[in-house]
Amino acid sequence: MFWNNIMKNRWEKKLIILAIIGLVVGSWGMFQRLAYGHLGMNYGSFVPWGLWVAFDLFFLGLTAGAFLITILTYVFRIKLLANLGPLAAFTVLVTLLCEVIIISLDLGHPLRVYRFLITPNVGSMLFWLVVFIISMWLIYAPWFYFLIREHLIAWGNDATRPGHKVYRFLALCKTAYTFQDRQRDHRRTRFLSYLSLPIGVIFFGAHGAIFAILHNRPLWNSAMLPLIFIMAALLSGGALITFLAYLYQPDDKLIHPLGHVVLLILLTFLFLEALQIFVGYQSKITGIVTSLDLITVGPYWWAFWVVHLVIGSAIPAFLLIRYPDNSKMVATACFLIIVTFLAVRLNYLIPDLAVYKLEGLQNTFFHRRLRPEYVPNLNEWLVSVWVISLGLLTFLLGTRWLPVIQAGRGEEEHV
Amino acid sequence: MARDLPAEDPLVRMQRDLKRALKKKPQDIKWGMVIDIAKCIGCHACTIACVAENKLPPGVVYRVVLEEDTGKYPYVWRRFTPRPCLHCQNPPCTKACPVTATWKTEQGAVIVDYNRCIGCRYCLVACPYAARTSDFGEWYTADTAELPGKLFGRKAAANGYEAHPATEYGKKWPERDHGSPVGNARKCHFCLHRLKVGMLPACTTSCIGRATIFGDRSDPQSLVYEMIGSPRVYVLKEDLGTRPSVYYLK
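Keeping their order, the protein sequence lines are chains A and B.
With our numbering applied, the first sequence covers 1 to 415.
With our numbering applied, the second sequence covers 416 to 665.
Derived by calculation from the structure, the hints in this document are not laboratory data.
There may be inaccurate statements among the hints.
What the hints assert, rightly or not - Each computed DSS-like pair below joins lysine-lysine, with the alpha-carbon atoms no more than 27 Å apart:
#, chain 1, residue 1, chain 2, residue 2
1, A, Lys284, B, Lys652
2, B, Lys439, B, Lys586
3, B, Lys519, A, Lys357
4, A, Lys357, B, Lys454
5, B, Lys487, A, Lys284
6, B, Lys665, A, Lys357
7, A, Lys357, B, Lys470
8, B, Lys434, B, Lys611
9, B, Lys587, A, Lys357
Stated by the list, open to error - Computed, partial: chain B to chain A, Cβ under 7 Å:
#, residue
10, Val466
11, Gly474
12, Thr515
13, Gly534
14, Cys535
15, Val540
16, Leu655
These figures come from a predicted structure and were not determined experimentally.
Every residue gets a Cβ at the ideal spot worked out from N, C-alpha and C, and that includes glycine.
Sequences and hints are given; from them, build the entire structure.
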């Protein structure tokens, strides 16, 4: 435990420095985006969504950690995992923040987002996705607040603690936390947890539905896609929360059941993915087969076979099966799943867009924006680095300055 | 042989059809287009006319001519299929837009409100015909040499033409790089600004083979109505159920 704390502090400082470097380096891409709009980016009209949308899906998937914890705690009654509640809720807020920033940067006119409120199209899946993103904020922000409120008040009362006035302010100047307050907050968090279950399923499914409803996109147009997106979110989010649990609350009783759950989700996800590829190839529909060929034997075959299947699936599955009781191995497996998951998101997003939808389109009107070949350029990567660094810094400073870890202890008693 | 030739230029008849249509109540007009691919010679004049009419920037195109090679040497053919926006009667793009920035008018044209569009590009993804393009803010004059203090150079070249967008939808748009349509989804709008003043769309008037027929498809006297009744008629990707207002003749 002692060694772990030393390691954690050492790694925390290094990660904070890394995040600051990321912000500095990425600011060049941000400057390009803010000063010149989309001019310096590589996506075009045939592949209109690129790296940033893939990152958007990636971040949104990572929010599923809290959803998973809620399911395991309230549906499967693994009460011990309730300790991870504040950490999971905080992770959701940080990843949602990253998601909102990166998708706003992807918009041609981000300052017009108020249009969602004044001229909404309730028939559009994208509109509903925004509704559910807002719902997630409305659930997890108060959830997180009610979970840490007791500690905020205690820290605000502690005059020796640096910044105690800020904590007092965050606690809305409340100085006493009574038994009734505690009971009330627990009722509220329990209510929000129950509310997050249906909202979460729809939220993660809605991601898949955005793609699945498009009947002109044969690879996406399947009822299975929303289910795959739910499993993908649970996998990446579950892996993230397990990895964070190992870093911040290295308790074997927490890590081991999470490892089993991640393994189960990983195998289910791979099964669904295999089904999709099998059915796609067997359909022998040119559009689907061409897209699948791009994934499996295209110029970026290694992203599927090496990054996703070997590093992101086979090795983690081996570690989780071979060393289920070794927290370090479980955390390593989860880390590999997280860092390789962007490849999964890119492989869902790009291949269908990268196939001409009309015969003869390739022979007309040559312009780099009207081609199906898409490789993210340096600017796109730099903006992504900036957003990731901002998220990392927010997370690291948040866990330092807010009672994210402390608030979780003893939470299982109240579930 | 001489009897097979049209008695009058189809353009003259279309012009007459247009005048008649404009006298109707707006909601009674249903614009439509028929493209006879047997007459298309692949000159791309319609593409160029459209680009010029709407002052389209690099990478933005409303009407392309698809080129397909068929057969096997020595029996090879090349087929040309002009593809404007098909102005679907059941358009997937308008359903996709989260902020109702694009819709089908009562005359059947699918249009975009540049001031409402947030630039999410979901409509580009949803269009089965790749008929929408995004304006990424590119300039033809971007690589022109800059010569400060001279009457020519990049800025002067841009100011002379492309800095000032066309009056699409009959509106005056701000100087390029100062807001919409840069950052927006853009598409063919049947040259509504021309129709309003009694002119046929630029692609129709520029077609040297008279392969493009435009008019009110609800008017039984119009040429376009007559053409839609041809046994040679078909639409692109009929199986998707989008019911385009642009028809093709084999």
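Tested hints:
Our distance criterion of 27 Å between C-alpha atoms is met by lysine 284(A) and lysine 652(B), whose separation comes to about 18 Å. With a CA separation close to 23 Å, the supplied pair lysine 439(B) and lysine 586(B) stays within the 27 Å bound. Restraint check: the Cα-Cα separation between lysine 519(B) and lysine 357(A) comes to about 23 Å, which is no more than 27 Å; the hinted pair holds. The suggested pairing of lysine 357(A) with lysine 454(B) holds, with an alpha-carbon distance near 24 Å, which does not exceed 27 Å.
Restraint check for lysine 487(B) and lysine 284(A): the C-alpha separation of about 24 Å stays at or below 27 Å, so the hint holds. Under the criterion of a C-alpha separation no larger than 27 Å, the hint pairing lysine 665(B) with lysine 357(A) is consistent with the structure, at around 20 Å. In summary, the hint linking lysine 357(A) to lysine 470(B) is supported, as the alpha carbons are separated by about 26 Å, within the 27 Å threshold. The hinted pair formed by lysine 434(B) and lysine 611(B) meets the criterion: a straight-line CA distance of about 10 Å does not exceed 27 Å.
For the given pair, lysine 587(B) sits about 34 Å from lysine 357(A) by alpha-carbon distance, which is inconsistent with the 27 Å threshold. Because the smallest distance between the Cβ of valine 466(B) and any Cβ of chain A comes to about 9 Å, over 7 Å, the interface hint for this residue is violated. With a least beta-carbon distance of about 3 Å to chain A, the hint placing glycine 474(B) at the interface is held under the 7 Å criterion. With 7 Å as the threshold, the beta carbon of threonine 515(B) comes within range of chain A, its nearest partner Cβ sitting at about 4 Å, so the hint holds.
Interface restraint check: glycine 534(B) against chain A, minimum CB-CB distance 2 Å, threshold 7 Å, status holds. Taking 7 Å as the C-beta cut-off, the interface hint given for cysteine 535(B) holds, the closest approach to chain A being about 6 Å. Annotation: valine 540(B) was flagged as interfacial toward chain A, and the flag holds, the nearest CB pair being 6 Å apart, inside 7 Å. With 7 Å as the threshold, the beta carbon of leucine 655(B) comes within range of chain A, its nearest partner Cβ sitting at about 6 Å, so the hint holds.
The structure is inconsistent with the numbered hints 9 and 10, although it conforms to all the rest.
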